[in-house]
Amino acid sequence: MKEEQHASQNTTPVKTKKVWAFSVSMLSLGLAVAAGALLERHFGLPSLPMHEQVASVESTPEALRDAALIHHNLNVMASQIGQLRAKVDTIARLGERLAVSTGADAETSELHKLLSQNALASDEPMEDLEPENSSVMSAEELGRELDSLKVALSRGDDMLKTADLAMQLQGAEQQRTPTAIPVSMNNARISSTYGWRKNPVTGRHMLHSGVDFAAPAGTSVYAASAGIVVAAGWMSAYGNVVDIDHGKGVVTRYAHNSKLLVKVGDLVAKRQVIAKVGSTGRSTGAHVHFEVRVDGEPTDPIAFLSQMSSSTAVASTAPDSLLKRAEQVGAAALSSKIVTDTKEHVRLPSGITTRPRMR
Numbered sequence: 001m002k003e004e005q006h007a008s009q010n011t012t013p014v015k016t017k018k019v020w021a022f023s024v025s026m027l028s029l030g031l032a033v034a035a036g037a038l039l040e041r042h043f044g045l046p047s048l049p050m051h052e053q054v055a056s057v058e059s060t061p062e063a064l065r066d067a068a069l070i071h072h073n074l075n076v077m078a079s080q081i082g083q084l085r086a087k088v089d090t091i092a093r094l095g096e097r098l099a100v101s102t103g104a105d106a107e108t109s110e111l112h113k114l115l116s117q118n119a120l121a122s123d124e125p126m127e128d129l130e131p132e133n134s135s136v137m138s139a140e141e142l143g144r145e146l147d148s149l150k151v152a153l154s155r156g157d158d159m160l161k162t163a164d165l166a167m168q169l170q171g172a173e174q175q176r177t178p179t180a181i182p183v184s185m186n187n188a189r190i191s192s193t194y195g196w197r198k199n200p201v202t203g204r205h206m207l208h209s210g211v212d213f214a215a216p217a218g219t220s221v222y223a224a225s226a227g228i229v230v231a232a233g234w235m236s237a238y239g240n241v242v243d244i245d246h247g248k249g250v251v252t253r254y255a256h257n258s259k260l261l262v263k264v265g266d267l268v269a270k271r272q273v274i275a276k277v278g279s280t281g282r283s284t285g286a287h288v289h290f291e292v293r294v295d296g297e298p299t300d301p302i303a304f305l306s307q308m309s310s311s312t313a314v315a316s317t318a319p320d321s322l323l324k325r326a327e328q329v330g331a332a333a334l335s336s337k338i339v340t341d342t343k344e345h346v347r348l349p350s351g352i353t354t355r356p357r358m359r
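Under full-length UniProt numbering, the residues of the sequence shown are numbered 1 to 359, in order.
If you are wondering where the hints come from, they were derived from the structure by calculation, not from laboratory data.
Just so it is clear, CB atoms sit at the ideal spot from N, CA and C, and this is done for glycine as well.
Any given hint could turn out to be false.
Said to hold, decoys possible - Using 27 Å as the maximum straight-line C-alpha spacing, the simulated DSS-like pairs for lysine-lysine come out as follows:
#1 150 - 161
#2 87 - 150
#3 276 - 263
#4 263 - 248
#5 161 - 248
#6 87 - 161
#7 276 - 259
Claimed, not checked - What follows is a set of in silico ranges between Cβ atoms, one per label pair, in the way DEER data are often shown:
#8 63 - 157: 38 to 46 Å
#9 297 - 265: 18 to 26 Å
#10 94 - 71: 32 to 40 Å
#11 167 - 187: 31 to 39 Å
#12 147 - 302: 54 to 62 Å
#13 93 - 190: 45 to 53 Å
#14 94 - 196: 47 to 55 Å
#15 273 - 302: 19 to 27 Å
#16 236 - 189: 21 to 29 Å
#17 63 - 148: 30 to 38 Å
#18 261 - 157: 42 to 50 Å
Model the full structure from these sequences, guided by the hints.
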């Protein structure tokens, strides 16, 4: 009996400890809940649905300022896109006109494709470019379109530069046409024209293959057009002669000179002084015999000189840099055809005869 009382006394403290531990835990939990309720009442947000809480945050002044800034930036980007579209359209249309002027096919040109891709459709209202409509596009979409238009504008600029170079080269080709009179007409006159006539030396009727310009000895002789010197030296009845190749089979000849100022391989500009008037070779007086040969056949020089304008006649002798570059491309090929012997007699390129015609 004593043993049972002793066991009962030993278990009572254990149970008491467990009850007190449980009570303390519950009390702590109750205090935590109460504290949370107090904090919620004084500092927390009201018990609202999630979307209402988000709306309340977005209605703050800071959020409204951010939204206004984003809207403004979108409007600015939309305006820039409209301006770029207009510039691309202008460049493409200008490029088409340049393509036509240079003989290119405008319908298949890159500029035509650029115009088709970026120009406004005929039924698209201009209002579509207003900033108010930019809200339907995200900032990312506007950025992509802006980048695309910038690339197109850069391509269009490159194409315009190419078209401009083509026009300059076309102008260089015109500079190669022998239209300048080879002497100043202030001290010269035409003493003999192109055609059949009686040779004053032999008395026989022969083709006079050029035009004679009578001028005092020592008068400057000018290149009728830009080109490369393919012959410079003594040539039997022609005396001291200079031949200039202007490309596309056109060669001009200047004969009976007293002095030569250029040599084979020289690049010359239109109206550049190349020789001095003389009476060398088979000649009856001081003059320059001027010929124009196309594919080796003599042609009436007047047909070329008649194309000359007064501005061309007094053109500057300074070579054009673009023309010089264009001429240098063919200089090596042309100069390779020139062969001279030790007696300074000239062997001309194929198609150009050394047999003297009637002067």
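Which numbered hints are broken by the structure, listed smallest first?
none
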